[in-house]
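With chain A's structure known, arrange chain B on it following the hints.
Protein chains in written order, with the working numbering: chain A, 38 to 561; chain B, 3 to 244.
Simulated from the structure, these hints should not be mistaken for lab results.
All residues carry an ideal CB built from backbone N, CA and C; glycine is no exception.
Take the hints with a grain of salt, since some may be wrong.
[Stated by the list, open to error] So the derived label-pair ranges between C-beta atoms look like this: (1) A:528 with B:139: 50 to 60 Å; (2) B:59 with A:462: 15 to 25 Å; (3) A:401 with B:139: 48 to 58 Å; (4) A:386 with B:211: 55 to 65 Å; (5) B:33 with A:555: 22 to 32 Å; (6) B:74 with A:213: 49 to 59 Å; (7) A:243 with B:209: 50 to 60 Å; (8) B:176 with A:465: 19 to 29 Å; (9) A:260 with B:136: 29 to 39 Å; (10) B:139 with A:451: 35 to 45 Å; (11) A:58 with B:211: 36 to 46 Å; (12) A:260 with B:33: 44 to 54 Å.
[Claimed, not checked] With a cut-off of at most 25 Å between alpha-carbon atoms, the simulated DSS-like pairs for lysine-lysine come out as follows: (13) A:429 with A:318; (14) B:30 with A:489; (15) B:22 with A:464; (16) A:522 with A:97; (17) A:318 with A:352; (18) A:320 with A:349; (19) A:481 with A:429; (20) A:86 with A:386; (21) A:264 with A:199; (22) A:400 with B:30; (23) A:489 with B:203; (24) B:117 with A:95; (25) B:207 with A:522; (26) A:464 with B:48; (27) A:97 with B:30; (28) A:481 with A:386; (29) A:489 with A:95; (30) B:48 with B:99; (31) A:489 with B:207; (32) A:522 with B:208; (33) A:62 with A:236; (34) A:522 with B:203; (35) A:264 with A:318.
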Amino acid sequence: MRQLLLTAALSAAAFAQVPYSRLLKADAEPGNWLTYSRTFDGQRFSPLKQITPLNAAKLKPLWVYQIDSLDHFEATPIVVDGVMYLTEPPDSVSALDARTGRRLWRYTRPVPSDVRPCCGRVNRGVAILDDTLYAVTLDAHLLALNASNGTVKWDIEVADYKLGHALTLAPLAIDGKVLVGIAGGEYGIRGFIDAYDAKSGTRLWRFWTIPGPGEPGHDSWQGDSWKTGGAPAWVTGSYDPELNTVYWGTGNPGPDWNADSRAGDNLYSCSLLALDASTGKLKWHFQFTPHDTHDYDATHVPVLFDGVVRGKPRKLVAVANRNAFYYVFDRVTGEFLSGTPYARQDWAKGLDDRGRPMADPAKEPSEEGTLVWPNLFGATNWFSASYSPLTKLMYVAVREQSSYFFKSEAQYQPGAPFMGGGERAVKGDQATGAVRALDAVTGKRAWEFPLKSPPWSGVLATAGGLVFGGSMEGNFYALDATTGKPLWDFQTGGVMYTNPMSFAVDGKQMVAVTSGHALYVFGL
Amino acid sequence: MTAILFLALLQQAPAADRMKVDWERARKIYMANCAGCHGPEGRGGKGADLAVPKLRRAANDEQLFRIILGGIPGTEMPPSWYLGQNSVALVTAYVRKLGAAPDPVRTPGDPAKGKLVYASQSCAGCHDRGFGPPLDEIGIRRSLAHLRQSLEDPAAEVPEEFLMMRATTALGKQITGARLNEDTFTVQITDATGKLHSFRKAELKKLDRLPGASPMPSYKGTLSAAEIDDLVSFLAAQRGGR
Numbered sequence: 038m039r040q041l042l043l044t045a046a047l048s049a050a051a052f053a054q055v056p057y058s059r060l061l062k063a064d065a066e067p068g069n070w071l072t073y074s075r076t077f078d079g080q081r082f083s084p085l086k087q088i089t090p091l092n093a094a095k096l097k098p099l100w101v102y103q104i105d106s107l108d109h110f111e112a113t114p115i116v117v118d119g120v121m122y123l124t125e126p127p128d129s130v131s132a133l134d135a136r137t138g139r140r141l142w143r144y145t146r147p148v149p150s151d152v153r154p155c156c157g158r159v160n161r162g163v164a165i166l167d168d169t170l171y172a173v174t175l176d177a178h179l180l181a182l183n184a185s186n187g188t189v190k191w192d193i194e195v196a197d198y199k200l201g202h203a204l205t206l207a208p209l210a211i212d213g214k215v216l217v218g219i220a221g222g223e224y225g226i227r228g229f230i231d232a233y234d235a236k237s238g239t240r241l242w243r244f245w246t247i248p249g250p251g252e253p254g255h256d257s258w259q260g261d262s263w264k265t266g267g268a269p270a271w272v273t274g275s276y277d278p279e280l281n282t283v284y285w286g287t288g289n290p291g292p293d294w295n296a297d298s299r300a301g302d303n304l305y306s307c308s309l310l311a312l313d314a315s316t317g318k319l320k321w322h323f324q325f326t327p328h329d330t331h332d333y334d335a336t337h338v339p340v341l342f343d344g345v346v347r348g349k350p351r352k353l354v355a356v357a358n359r360n361a362f363y364y365v366f367d368r369v370t371g372e373f374l375s376g377t378p379y380a381r382q383d384w385a386k387g388l389d390d391r392g393r394p395m396a397d398p399a400k401e402p403s404e405e406g407t408l409v410w411p412n413l414f415g416a417t418n419w420f421s422a423s424y425s426p427l428t429k430l431m432y433v434a435v436r437e438q439s440s441y442f443f444k445s446e447a448q449y450q451p452g453a454p455f456m457g458g459g460e461r462a463v464k465g466d467q468a469t470g471a472v473r474a475l476d477a478v479t480g481k482r483a484w485e486f487p488l489k490s491p492p493w494s495g496v497l498a499t500a501g502g503l504v505f506g507g508s509m510e511g512n513f514y515a516l517d518a519t520t521g522k523p524l525w526d527f528q529t530g531g532v533m534y535t536n537p538m539s540f541a542v543d544g545k546q547m548v549a550v551t552s553g554h555a556l557y558v559f560g561l
Numbered sequence: 003m004t005a006i007l008f009l010a011l012l013q014q015a016p017a018a019d020r021m022k023v024d025w026e027r028a029r030k031i032y033m034a035n036c037a038g039c040h041g042p043e044g045r046g047g048k049g050a051d052l053a054v055p056k057l058r059r060a061a062n063d064e065q066l067f068r069i070i071l072g073g074i075p076g077t078e079m080p081p082s083w084y085l086g087q088n089s090v091a092l093v094t095a096y097v098r099k100l101g102a103a104p105d106p107v108r109t110p111g112d113p114a115k116g117k118l119v120y121a122s123q124s125c126a127g128c129h130d131r132g133f134g135p136p137l138d139e140i141g142i143r144r145s146l147a148h149l150r151q152s153l154e155d156p157a158a159e160v161p162e163e164f165l166m167m168r169a170t171t172a173l174g175k176q177i178t179g180a181r182l183n184e185d186t187f188t189v190q191i192t193d194a195t196g197k198l199h200s201f202r203k204a205e206l207k208k209l210d211r212l213p214g215a216s217p218m219p220s221y222k223g224t225l226s227a228a229e230i231d232d233l234v235s236f237l238a239a240q241r242g243g244r
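Okay, chain A solo, but in the shape it has when bound:
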């Protein structure tokens, strides 16, 4: 009898078969979490509602999975039919029994010893399509692994890591394709977003985030600066299947803080790109921070939702940007609809009516150091915002910190840091953080929950009416999604560089989050 029960339990957790049709209708599977942000729209919203404001205080740890590495553990796991797939820094992919946390297999591909990825030996997760997992490596390879045992189906080099290229994001798998964006904006790379054939690993298209000679936008770079201009694309994009459009954010131009050699707007750095998923052709773009000198990457998961703007229903895309403004666009046309500060900033005097910032020349980095809000880590960073279609609020983990920005010499050497400055902390800094709930259409603040320190953890909204988040001091907590009132917290004992997610096994809702060097799973 015992044997029978065991067999039944194991067979319930069959290894993944995820055709594109399931990814397309991911919302119809509330217990699964099939992509980095759960759904292609990037909302990071869980429709699960077993855990509510009434019972959140009873949450307790169900299991903990520890990794061997001391690198930051930033991955969002995916969960497919009772199996959890995740990446472990710096170089492993694992499958766990989502019910117990016991490992089913682990694949490790050692990183070359001379890899120096900027910024950090991290990996943020996997993508799945059919029976294949897709993951990237710090030496800029893309891997296809058999989801049932972790064996390698193919392994291709996306770019030369010796020139400072790296890959750290969770790939985006769509119909027959796997998309990745390159990292390395501090090494004088030329950024790009690639699509690969999911079956063979053959490259289908590449979009250079810096236009080459003869292309529109090329003249926004002085001389040869475009060749080493950065504009990486190191955070996973979103996808609208109806419009067949991929939305992807790009990072800073290089050298970061010394722009003397790159006069011009430096397209398409610090931008939101709308690309045709079939061809990689640019449909529209918006540059948040032209000619950036503060390292304000726009590498965020763009959040797609529909809303009513000035009386008119629109398909929208929104980004809470590292530069401290919250932007809303029409995602069909790219029309700028609004831009509102959601955190303290003084680098710009505001946005004009087309959304272009009026940068304050007095806030340029200098040899003596210039005090600027926000600091180089921004008002938020790579960690995700979350949108609830129930409250129609955008939840954002916010950093309130300033710093002195320095400008120094910058000389390009292949494979070496190419930054031209940096920042110094403010003495006796009283930096803080918060989770802020913004009206997703207007950017108006509905509530705020203050955090002791600027966070490195994203947030997760659930249909149960909760928002989960993490703190630098290891607090994992649940807030009331309507009021921001804290309902529960747990000291995980580690620093949290992470994004929470939620899934269900056998009808039981669980919430997972990494902290320190462990993955915690909570439930009632």
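Positioned in the frame of chain A, the structure of chain B alone reads:
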């Protein structure tokens, strides 16, 4: 900035001795970034005295360059990678020059007498019990001027890890002490008797930060000028057995 990027920077470090030093530029960078703690002439302050022929942690230029670029983990010395490697090399040269000047500052008193003053004032009663910073290496970490200031005007610069806080409980009881740790939901405070108090913030009526407050009394007036000189000498000799 990550440690990895720092290591990458380090591998391109220019040799200071091969550089032509622009002393005015070096001075400007030092004044903007270093003088706040180490003093305008490198004679120390909150930071170590740099106007000495031999730096304890940096026997040569390369070690000094590494320390300036990467900071000293576990201390208040921050990394300065943001200056760029050439500027760090300039500062390295400048700090060496500071040390080439003769050091006119002499330890003012008698450390043996200072030890007696230390005992008579029961300094260890707090400093060995976690209610004040440990002093076993204080002679390395702080300049003479800063040690004197800490005795005469302790509130002038309170270490971040000894921020004073006052918790008011739901019943109105007040506990004042040094903050040992704090997160968004909880705070840990030690009071003057060394007793630990752990609170959930939501259960407190009020939690006040008292920046600029120090539990340490001023010894100006309490001790004679000679006694303070002796105590400063004794503290300056506390070098962690090094």
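Can you list which hints this structure breaks, lowest number first? 1, 3, 4, 5, 9, 11, 12, 13, 14, 15, 20, 24, 27
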